[in-house]
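S.K.: Given these sequences and hints, build the entire structure.
Chains A and B supply the protein sequences, listed in that same order. Each residue of the first sequence is one higher than the last, beginning at 1 in this note's numbering. Each residue of the second sequence is one higher than the last, beginning at 1 in this note's numbering.
Think of the hints as simulated: they come from the structure by calculation, not from any bench. We treat Cβ as the ideally placed atom computed from N, Cα and C, and that holds for glycine. Careful, some of the hints might be misleading.
[To be verified] Here chain A is said to cover these stretches of chain B; the calculated rule only asks that three of the stretch's residues, wherever they fall, bring their Cβ under 8 angstroms from a Cβ of chain A:
#, stretch
1, 126-132
2, 135-148
[Unchecked claim] Mimicking DSSO-like on lysine-lysine, the simulated pairs with C-alpha atoms at most 27 angstroms apart in a straight line are:
#, chain 1, residue 1, chain 2, residue 2
3, B, K18, B, K46
4, B, K65, A, K65
5, B, K18, B, K65
6, A, K18, A, K65
7, A, K46, B, K65
8, A, K65, B, K46
9, A, K244, B, K244
[Stated by the list, open to error] Derived list of chain B stretches under chain A, where covered just means 3 residues or more per stretch with a C-beta under 8 angstroms from a C-beta of chain A:
#, stretch
10, 157-163
11, 201-207
12, 233-246
Number of protein chains: 2
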Amino acid sequence: MALLWRSGEPGEVRPGPKPGLSVDVIVDAAITVADEEGMAALSMRKVGERLGRTGMALYTYVPSKGELVDLMYDRALAELPAEYDASAGWRPAVTSWAEHMLAFFLRHPWVLQVSQARPVLGPNEFAMLEGMVAILHGTGLRPRRLRGVVALLFDFVRGAAQTIADSRLAPSATGVSDEEWWLARSSLLEEVAPGFAGRFPMVTWVESEDDDRGEDEPYFEHRVGETFAVGLMVLLDGIEAAVKTG
Amino acid sequence: MALLWRSGEPGEVRPGPKPGLSVDVIVDAAITVADEEGMAALSMRKVGERLGRTGMALYTYVPSKGELVDLMYDRALAELPAEYDASAGWRPAVTSWAEHMLAFFLRHPWVLQVSQARPVLGPNEFAMLEGMVAILHGTGLRPRRLRGVVALLFDFVRGAAQTIADSRLAPSATGVSDEEWWLARSSLLEEVAPGFAGRFPMVTWVESEDDDRGEDEPYFEHRVGETFAVGLMVLLDGIEAAVKTG
DNA sequence: CTGATATCCTTATGCCGTAAAGAGTTGTCC
DNA sequence: GGACAACTCTTTACGGCATAAGGATATCAG
Chain A
1 MALLWRSGEP
11 GEVRPGPKPG
21 LSVDVIVDAA
31 ITVADEEGMA
41 ALSMRKVGER
51 LGRTGMALYT
61 YVPSKGELVD
71 LMYDRALAEL
81 PAEYDASAGW
91 RPAVTSWAEH
101 MLAFFLRHPW
111 VLQVSQARPV
121 LGPNEFAMLE
131 GMVAILHGTG
141 LRPRRLRGVV
151 ALLFDFVRGA
161 AQTIADSRLA
171 PSATGVSDEE
181 WWLARSSLLE
191 EVAPGFAGRF
201 PMVTWVESED
211 DDRGEDEPYF
221 EHRVGETFAV
231 GLMVLLDGIE
241 AAVKTG
Chain B
1 MALLWRSGEP
11 GEVRPGPKPG
21 LSVDVIVDAA
31 ITVADEEGMA
41 ALSMRKVGER
51 LGRTGMALYT
61 YVPSKGELVD
71 LMYDRALAEL
81 PAEYDASAGW
91 RPAVTSWAEH
101 MLAFFLRHPW
111 VLQVSQARPV
121 LGPNEFAMLE
131 GMVAILHGTG
141 LRPRRLRGVV
151 ALLFDFVRGA
161 AQTIADSRLA
171 PSATGVSDEE
181 WWLARSSLLE
191 EVAPGFAGRF
201 PMVTWVESED
211 DDRGEDEPYF
221 EHRVGETFAV
231 GLMVLLDGIE
241 AAVKTG
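M.R.: See below:
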């Protein structure tokens with residue numbers, strides 16, 4: 001964990017060859033690999049190769065793959081804004097926070113496989129938290145209530161990001177196009193599970209489009225984005241109720 | 001996916017030795033392994049050994065480890081209630097759903113590493129959804145709104161479960177006791193990150209206990225459970241607002 | 001019995017993280 | 001300058017993983 005919080009080390013002069021790498025370039029290379037090929041394809045050897053070294057060379061700078069992943073996570077979080085404009089009230093600020101967060105997760109889907117695995121406790125994770133607690137501080141919510149709200153917000157955004165990221169991977173994995181996949185989903189289910197609609201009437205109903213939507217544009221990315229927007233609205237209303245109760 | 005929905009196969013008589021195993025006993029054994037040793041320790045070989053076979057023997061019944069994990073997930077979900085008593089209104093019913101769900105995740109922490117990885121679309125997953133949509137159907141919420149609420153609920157409970165599961169693993173991994181770990185967290189941070197409190201004042205504030213709590217009982221399990229309860233309350237209030245708006 | 005089909009095993013391939021040992025480089029101290 | 005220690009990076013190796021390939025054996029229909 002010391003690596004997470006290291007600042008610019010003094011760089012005392014020491015014997016031995018000049019380091020050809022650094023923790024920073026290793027973390028950057030690892031993030032590139034994860035962005036391009038996904039977390040499953042991330043290996044020490046592959047990161048080493050990208051830097052013109054063997055996989056083992058990385059162990060001079062980083063004690064293990066696990067620590068490298070922690071570093072990747074915290075470094076990636078650095079691209080998030082540190083502050084949000086709450087001058088128009090907490091609602092738009094929280095909305096902005098959630099949207100930045102969602103976009104971040106979609107830019108680095110591999111983060112979704114890190115953030116839920118354990119508390120990493122790096123500086124940029126705290127900076128992100130700091131940003132959103134700062135927004136909500138003005139509401140007058142006491143710490144205990146506020147912790148609940150923070151957890152709720154974070155879990156919701158992460159879950160929504162996960163769903164969207166999945167919806168992007170699923171079709172390419174099966175070879176069908178995006179729209180086809182989601183159009184096929186229901187018929188596929190009826191085929192493999194005869195009587196699906198009768199067995200799960202509520203699910204069938206809730207998955208149906210709303211009355212005010214045309215039948216011609218049922219593609220999933222929009223649908224899932226809509227679900228995010230609705231969930232966020234409901235969540236904000238819940239916070240509002242908590243704020244009013246004091 | 002056909003395996004997920006297979007009912008009792010007709011069992012047509014066919015040449016070859018009698019099957020010594022079945023998909024069911026394999027899935028059960030795999031769940032036992034995952035419950036006892038965690039998802040990371042789950043391997044085909046280990047499941048095979050538990051059944052007195054080699055790892056390769058499983059491939060007669062199950063096409064890949066990935067499919068086995070999908071089957072594990074859907075089978076585990078079967079232990080959840082199919083219906084909830086909504087006679088006292090949707091609020092207690094949803095609360096009950098959330099508590100069952102949370103307990104389920106904590107009973108099988110490995111599920112947390114499956115459920116967010118991709119849509120599995122097994123029968124018991126739909127049964128679980130059916131149960132909670134049935135609760136909310138009575139609120140009069142339209143499908144679009146309801147989808148947002150469902151996603152919100154599910155993501156929240158899963159995220160909360162993840163946090164609690166982490167808090168149980170973290171100390172044992174580092175070798176310190178549970179209370180020590182969480183007591184040490186702040187001082188550890190001040191040590192490794194001098195000026196933490198000044199750098200992240202809001203985080204420091206929000207992590208402080210509420211005024212009406214004694215200093216003598218700061219252990220984390222309670223704290224995290226509290227956060228779950230608060231989050232759920234906020235969430236329910238949000239749903240209530242959505243219901244009133246119609 | 002024959003031939004087809006099934007279960008299950010052994011073996012092998014190519015990944016993975018990382019331990020161990022050593023080659024080569026660069027500094028400090030005498 | 002020479003010795004030594006510290007350092008980077010490589011090679012090799014170990015034990016694990018999922019799973020492809022091939023073979024031994026058991027069980028059916030004919």
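S.K.: Evaluate each hint against the coordinates.
M.R.: Hint check results:
With 4 residues bearing a CB less than 8 angstroms from a CB of chain A, the stretch 126-132 of chain B meets the requirement of three and the coverage assertion stands. Counting residues of the stretch 135-148 of chain B whose beta carbon lies closer than 8 angstroms to any beta carbon of chain A gives 8, which meets the minimum of three for the stated coverage. With a C-alpha separation of about 23 angstroms, the suggested pairing of B:K18 with B:K46 holds against the 27 angstroms cut-off. Straight-line distance between C-alpha atoms of B:K65 and A:K65 comes to about 23 angstroms, which keeps the hinted pair within the 27 angstroms bound.
With a C-alpha separation of about 23 angstroms, the suggested pairing of B:K18 with B:K65 holds against the 27 angstroms cut-off. For the given pair, A:K18 sits about 23 angstroms from A:K65 by alpha-carbon distance, which is consistent with the 27 angstroms threshold. At roughly 24 angstroms between alpha-carbon atoms, A:K46 and B:K65 fall within 27 angstroms of each other, so this suggested pair holds. A distance of roughly 24 angstroms separates the Cα atoms of A:K65 and B:K46; the hinted pair therefore holds under the 27 angstroms criterion.
Taking the CA atoms of A:K244 and B:K244, the gap is about 17 angstroms. The hint holds against a cut of 27 angstroms. Figure legend: the stretch 157-163 of chain B, annotated as covered by chain A; annotation consistent (5 residues with Cβ-Cβ distances under 8 angstroms, at least 3 required). For the stretch 201-207 of chain B, the stated coverage by chain A is satisfied: 6 residues place a CB nearer than 8 angstroms to a CB of that chain, which reaches the threshold of 3. With 10 residues carrying a beta carbon less than 8 angstroms from a beta carbon of chain A, the stretch 233-246 of chain B meets the three-residue requirement, and the given coverage holds.
In this structure, every one of the numbered hints holds.
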